[in-house]
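Undergrad: Sequence:
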Amino acid sequence: MTEHTLKEKEEILSILQILSSNPQITQREISSRLGISVGKTNYLLKELIKKGLIKKVVRFKEPSLKLRRIRYLLTSKGFAEKAGLIYMFFKKKEAEYQEFKRIWEESKV
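Take 0 as the starting number for the sequence shown in numbering that gives the first Met the number 0 and just add one per residue.
The calculated PhoX-like cross-link candidates involving lysine-lysine, where the alpha carbons are at most 25 Å apart (straight line), are: (1) Lys76 - Lys55; (2) Lys91 - Lys81; (3) Lys50 - Lys8; (4) Lys55 - Lys6; (5) Lys55 - Lys39; (6) Lys50 - Lys39; (7) Lys92 - Lys107; (8) Lys49 - Lys39; (9) Lys90 - Lys76; (10) Lys54 - Lys81; (11) Lys8 - Lys39; (12) Lys90 - Lys6; (13) Lys6 - Lys91; (14) Lys45 - Lys81.
Quick list of simulated restraints, FRET-style, between CB atoms: (15) Glu105 - Lys55: 49 to 57 Å; (16) Leu33 - Lys100: 25 to 33 Å; (17) Val56 - Arg27: 17 to 25 Å; (18) Ser106 - Phe78: 38 to 46 Å; (19) Lys49 - Ser106: 43 to 51 Å.
If you are wondering where the hints come from, they were derived from the structure by calculation, not from laboratory data. Remember, it's a predicted structure, so these values are computed and weren't measured experimentally. Cβ coordinates follow ideal geometry from the N, Cα and C atoms, glycine included.
Work out the full structure, taking the sequences as your base and the hints as a guide.
TA: As structure tokens, then:
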């Protein structure tokens, strides 16, 4: 996977969070929740599968009708990546808070 922008990392974290709570969600529902295209959602899911962060499980609901139910399951590597991204965003927000606090203190003088 190529180096991702901060926005893409936010989208990846959001996808991992969505999938950890709802593995049967559709790509269309994910894209709607995130406000991104279905094509981008598909691309990100494929990249997460290639990286080993999620696993795609296909089940046939009706063999005669061949209706597929797809589930996306986080792997242990996916859970670790999710935790790492959460930590990264937490540290970023903490640094922003410290900067705002410094500016506030300087403005009071």
